[in-house]
Structure formats: structure tokens, C-alpha cells
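Go ahead and model the full structure; you've got the sequences and the hints to work with.
There are 2 protein chains.
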Amino acid sequence: MKKNVLVLLPAEARHREKLEAAGAGCCFVYSDADAVTEEQIQAANIILGQPNAAMLQASENLEWLQLASAGTDAYIVPGVLNQRTVLTNATGAYSKAVAEHAFALTLMLTKKLHLYRDEQRIKRWSDHGTVSSLSDSTVAVVGLGDIGRAYAHLVKAMGAYVIGVKRRGGNCPDCVDELVMTRDLDSVLPRADVVMSILPNTAETRYLYTDARFDLMKDSAVFINCGRGNAVSAEVLYRALSEHKIAAAGVDVTEEEPLPADSPLWELENLVITPHISGGFHLPETLERIVDIAAGNLAAFLASGELRNVVDFTTGYAK
Amino acid sequence: MKKNVLVLLPAEARHREKLEAAGAGCCFVYSDADAVTEEQIQAANIILGQPNAAMLQASENLEWLQLASAGTDAYIVPGVLNQRTVLTNATGAYSKAVAEHAFALTLMLTKKLHLYRDEQRIKRWSDHGTVSSLSDSTVAVVGLGDIGRAYAHLVKAMGAYVIGVKRRGGNCPDCVDELVMTRDLDSVLPRADVVMSILPNTAETRYLYTDARFDLMKDSAVFINCGRGNAVSAEVLYRALSEHKIAAAGVDVTEEEPLPADSPLWELENLVITPHISGGFHLPETLERIVDIAAGNLAAFLASGELRNVVDFTTGYAK
Numbered sequence: 010m011k012k013n014v015l016v017l018l019p020a021e022a023r024h025r026e027k028l029e030a031a032g033a034g035c036c037f038v039y040s041d042a043d044a045v046t047e048e049q050i051q052a053a054n055i056i057l058g059q060p061n062a063a064m065l066q067a068s069e070n071l072e073w074l075q076l077a078s079a080g081t082d083a084y085i086v087p088g089v090l091n092q093r094t095v096l097t098n099a100t101g102a103y104s105k106a107v108a109e110h111a112f113a114l115t116l117m118l119t120k121k122l123h124l125y126r127d128e129q130r131i132k133r134w135s136d137h138g139t140v141s142s143l144s145d146s147t148v149a150v151v152g153l154g155d156i157g158r159a160y161a162h163l164v165k166a167m168g169a170y171v172i173g174v175k176r177r178g179g180n181c182p183d184c185v186d187e188l189v190m191t192r193d194l195d196s197v198l199p200r201a202d203v204v205m206s207i208l209p210n211t212a213e214t215r216y217l218y219t220d221a222r223f224d225l226m227k228d229s230a231v232f233i234n235c236g237r238g239n240a241v242s243a244e245v246l247y248r249a250l251s252e253h254k255i256a257a258a259g260v261d262v263t264e265e266e267p268l269p270a271d272s273p274l275w276e277l278e279n280l281v282i283t284p285h286i287s288g289g290f291h292l293p294e295t296l297e298r299i300v301d302i303a304a305g306n307l308a309a310f311l312a313s314g315e316l317r318n319v320v321d322f323t324t325g326y327a328k
Numbered sequence: 010m011k012k013n014v015l016v017l018l019p020a021e022a023r024h025r026e027k028l029e030a031a032g033a034g035c036c037f038v039y040s041d042a043d044a045v046t047e048e049q050i051q052a053a054n055i056i057l058g059q060p061n062a063a064m065l066q067a068s069e070n071l072e073w074l075q076l077a078s079a080g081t082d083a084y085i086v087p088g089v090l091n092q093r094t095v096l097t098n099a100t101g102a103y104s105k106a107v108a109e110h111a112f113a114l115t116l117m118l119t120k121k122l123h124l125y126r127d128e129q130r131i132k133r134w135s136d137h138g139t140v141s142s143l144s145d146s147t148v149a150v151v152g153l154g155d156i157g158r159a160y161a162h163l164v165k166a167m168g169a170y171v172i173g174v175k176r177r178g179g180n181c182p183d184c185v186d187e188l189v190m191t192r193d194l195d196s197v198l199p200r201a202d203v204v205m206s207i208l209p210n211t212a213e214t215r216y217l218y219t220d221a222r223f224d225l226m227k228d229s230a231v232f233i234n235c236g237r238g239n240a241v242s243a244e245v246l247y248r249a250l251s252e253h254k255i256a257a258a259g260v261d262v263t264e265e266e267p268l269p270a271d272s273p274l275w276e277l278e279n280l281v282i283t284p285h286i287s288g289g290f291h292l293p294e295t296l297e298r299i300v301d302i303a304a305g306n307l308a309a310f311l312a313s314g315e316l317r318n319v320v321d322f323t324t325g326y327a328k
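Order-wise, the sequence lines are chains A and B.
My numbering applies: residue 10 is where the first sequence begins, and numbers increase by one.
My numbering applies: residue 10 is where the second sequence begins, and numbers increase by one.
Be aware that a few hints might be false.
You can't tell identical chains apart in this list, so a pair holds if it fits in one copy or across any two.
[Said to hold, decoys possible] Mimicking BS3-like on lysine-lysine, the simulated pairs with C-alpha atoms at most 30 Å apart in a straight line are: (1) LYS165 <-> LYS175; (2) LYS227 <-> LYS132; (3) LYS12 <-> LYS254; (4) LYS11 <-> LYS328; (5) LYS12 <-> LYS27; (6) LYS11 <-> LYS175; (7) LYS328 <-> LYS12; (8) LYS132 <-> LYS11; (9) LYS254 <-> LYS27; (10) LYS27 <-> LYS11.
Treat the hints as calculated values from the structure; they're not laboratory data.
Values in this document were obtained by computation on a predicted structure and should not be read as measured data.
The structure is reproduced here in C-alpha cells:
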């Protein structure tokens, strides 16, 4: 029987060609993720892209879901997928986009460019004093998946000393000077000039950055979060910045998204907020990478071969 | 006879020690460049630092002036120094500070962080669409002195294709993929995704970036100027940005400094202005490097040896 493949990616002609070549014999339906109907979702044997988790309802027809995201938290909640559905994510597709965004935030803050932008708005030519160089800095990269490693590579190229922090031990990649286990995070925080957090949303990472952990950081430290917003609560982040426990932060994610208009975070001079745009399809290359993962997995799935990036439901990570 | 050495650098104890060791037997006077008197200037045989050019009055006593800056334009004007005064600059001291600032501006603009900062000020969570990566970009570095090469090294490490543009031919440094002469600049501009200008103020560089040259650039191009403000007039820069001849610009220098409060440049959304702070002593390491150059040159001067960074009065460049 022909497999129904529902594609919810913004696929252009060249992407469709690539997917249909990999899925020869399948029946392809293309839709916008926002416009897709419940019937289309329920009829699909394979979904490539990001359906609204509430619409999946543990569909019996769904054999495999290839996400366009690296984050899997909305899909591993019991009841969303049936137990036989294989879930794969797009780990690897976002490394360039998100790592470069986090790197740009890091440089903006260490060079005080956010303060100069504010001065420009009031037409003031005013000096904000000394800045620092990553070449003299220790950078802690918390979460050493593909994005974390790509970021580590960038800061290392500028001369930083890089401490990689990860759940499990293993080999130390070339872009990391020192590897530390997440359970020893507290020993790293007092040493870091930059703490870059790129963690998925799991039970272990939720509210990982507590008041006590910000107290451990240098008062000159810069904190970057491009992982999931709930790694730090809005209140804890506000206290850390308003009480100058650290110098500045840049976040692409917030505990509640969109950040509510009445959040006091908006007005913090020493916080730069971007609206969860570091990933997505903001860097055109990301879509190419996702289509490559999806096409490769589609060919493997139809040949009963091994899929890339299969998600472990108990951890939320690709195995 | 003891030489009078006037030090106008913000020298701390360790800097004084280093200078006095190099200048054993000299009589040292320390002053703030803003507080120094005409008598002190006129009495000096050697000045280390940045005196007000108007106070020099071709002093007959002044044998050597070691500038703290890389730019020499104020001091090679006839009548400022007497013809026997040796002038040396601090080429080399600023490469890290200025190159990193220019690099941070480049990333801020290519990742649209200036627009997100503006949105933050009005508490708006709003997506500004696609961004680009330096790894897919061609970067023209116009001016390939020590700062230009340091910047080239940074963008090259992110994967950019780097075109170096310089006055004279010569060897192509490792951080540069292609070397082009300044007279062929017009062939480079249509190819560049980023044009980074780091030129001194000379007769050849004044108003180098004309309307016609901005017309040659890609409409997606980012222009960075961390050299001298008069490489582009305020009017030409305003037209380039307001008419969207290019996508955005970041400038640490302007034709008139401070930028007048009524300049229309302040309000351009696609321009980021910093108040000539990329150099100076904003990165603490810069002062260390200047003191090292000054101390090395002082020892050489007293031993009638060869000085580093002697400025050619006809070009304004270190020989």
C-alpha cells in the first residue's frame, strides 16, 4: 500500500524533487503547518515537518514523524504520539544558524553594542568605557550537542578558553579545552566570563539556572541562552540582571513566549532579547539541511533501514 | 644632557617602571593629555602620547614624538612638527581592539540584532525575517594594515571568502583569499557582501566612497567603517542607506565627530553608530601594547638605533 507522506516544510520545487526522489511510490501531500487539517494529519503515515502537537492525538496511522526542529519536548508528552510511532528530529540542521546567532549576541554584549544602539536612539555620542575580548575569556558552553560544539568552535577561533559542560562524559572535541559533567556545573560558573546555555527542555534542564547559580557567576559575566526559555525563570533572570549579579545577558528564548508585554525583562538595559528567531528558517541553509535529513531518512524508512536522529522518548534527545 | 621625556599616556606604576627602565638617565614628566601645559610641551625632547597638535608649534626642542594612535593625520600637517622631529605611531597596538569591534558590528548587522534591540525598546516580539552567514559571504577588507589583517583573520575563521584591498601589491597573507589593488576597488564592490573599510586619513582615502561606489555595491551589502570618518561624507552615507543602495552600515567614525545632534544619520534604522570607541584604551590590552612600543622605541632612540613605526610625512603611513 502506498504510504501517505504529509510534508509540512516550506518546500520549494527543488526540495519537493529531492523528497519525492527519496520517497518514490509514496503519495505526497504538501501543506503549510498552520493551514493543515486534522483529516490530513490523521491520514498521514509519515509526517515531515512540525505539526501542532495537539492535532496528532496518538494517530494510529502515523508510523514516523520527522520533526523540522531539534527540540522534541512537545512531542514526547504521553498521548501525543502512539507508542509505535518513530520520532526523529532535525539535530544538526540548526548548528550554524543558532551558534552564529549566539556568537553574535556574545560579541554584541562584550563590545557593549546594545548600549551604543540605545545612545544612538537619543542622538548621544557617549563613551561606555572598557570592553573585553573573547581572546582573554573563559567561555562555558553548557550543552555540547551540535549547536554547542559549533559555538565552541567560533569562540575558540577567537582565542577563548572553552569549557564544555555535558550530561555524560566522552571524548573532548578539538574545539573544547576542558570537559566537565553537568553535575559539576557549579565548579565552572565562578570561572566563566561567558556562560552560553544551549540545553533542550527536559526534566533535568528546567530551571537549571537558579538564583544560587547566578550568585556563583562573576559579576562581569555574560549569560547567553539560545536553548529553551525554561532553563531560567523570568524572575530569576530579572533578579540576576537588575541586581547586577552578572553584567549582561542575551536570550533568544524566554520562559513564556512571546514574552508578555508587561514583563519587566523588556526594560532591562543589560538584557538583549531576540524573539526565538535564531533557528527556524531564518538562515536559508537550515531548510536545505532539514530537507537533506528528511530525504535521507525517508529513503531509509522505506527500505526499512536505520534512521538518523531517532529520539529517545525518555530523555528527549536523539539517541 | 638629560633628555626631557613627557609621558601623556595613562601610565600606571608598572608602565612607568617599564618606560623608566628603557629611558634610564632621562628626566620623566607625567601628565594627562588634557591637563598638560604649553611649557611642558615646549620643554620636552621626547613626547610619548597624544599631545594636542595645536600646542606643538613646531617646537625646536622636540626630537621625537611617539604617538599613542595609529592615525597620524593631525601631526603631519605643515607647522605642527619641526622638520627634524621624528614621528612614530602606534601601528600594531590597536589591531585586536578595532578588528574585534568591526567584527562585532558586522555580526550585529548580518544577524539584524540592531533591529531586535529597537523592537525590545517598544516591547515587541516581532520577526525580522532571514539573515545571512559570513560563511556564505564575500568580505572585502579595504585597507590591509594590521587592523585589516586581524579583521580578515576573524571573518576567514567563520568561513568567509576574503578579498583584501590595498594600495600596493605584495604577498597575500594567509587570511586573505584574493588580493586587489585599491585602484581596482570598483571591480570588488559588486562582489562583496560585506565591505569593511579601515583606511587612514590621506589625500587618496578622503571621500573614497562616493555615490557611484555605493551604487556599485550589492543592495544586500553591509558597509563597515572603523578607519577615518572622512572616507565617506555624511551626505553620501545618508543617501546610500536611506535609498537602500545597501542593506545596512556600521560606523565607529563619522565625517564630523562628535556627530552633530541634528545629523539625519542618527535616525537611520539601518545604520549603527558607535562614538569612535573601537580603539582608544577601551580594550585594556591596547595600552599594554602602546607602552611596549614606546619603551622599545625609547631604548632604541637613546642608543641611536632604529625606531619602529617611523611615519613618512608624505603618506602618513608608518614606513
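Here is what the structure says about each hint:
In this homomeric assembly, LYS165 and LYS175 come within 30 Å of each other (Cα to Cα) both inside a single copy, at 17 Å, and across copies, at 29 Å. Taking CA atoms no more than 30 Å apart as the test, LYS227 paired with LYS132 passes between copies only; the shortest distance there is 28 Å, against 32 Å inside one copy. Within a single copy, LYS12 and LYS254 get their C-alpha atoms no closer than 56 Å, and across copies no closer than 50 Å, so neither meets the 30 Å cut-off. Taking CA atoms no more than 30 Å apart as the test, LYS11 paired with LYS328 passes inside one copy only; the shortest distance there is 29 Å, against 75 Å between copies.
In the homo-oligomer, the alpha carbons of LYS12 and LYS27 lie at most 30 Å apart inside one protomer (17 Å), although the nearest pairing across protomers, at 78 Å, exceeds that limit. Taking the shortest alpha-carbon separations for LYS11 and LYS175, neither the intra-copy value of 43 Å nor the inter-copy value of 63 Å comes in at or below 30 Å. For the identical chains of this complex, LYS328 and LYS12 are intra-copy neighbours only, at 26 Å inside a copy versus 73 Å across copies, given an alpha-carbon limit of 30 Å. For the homomeric pair LYS132 and LYS11, neither the shortest alpha-carbon distance inside one copy (64 Å) nor that between copies (49 Å) is at most 30 Å.
Taking the shortest Cα distances, LYS254 and LYS27 never come within 30 Å of each other, neither inside one copy (51 Å) nor across copies (36 Å). Proximity of LYS27 to LYS11 under the C-alpha cut-off of 30 Å is restricted to the intra-copy arrangement: shortest distance 18 Å within a copy versus 81 Å between copies.
The structure shown violates the earlier hints numbered 3, 6, 8, 9.
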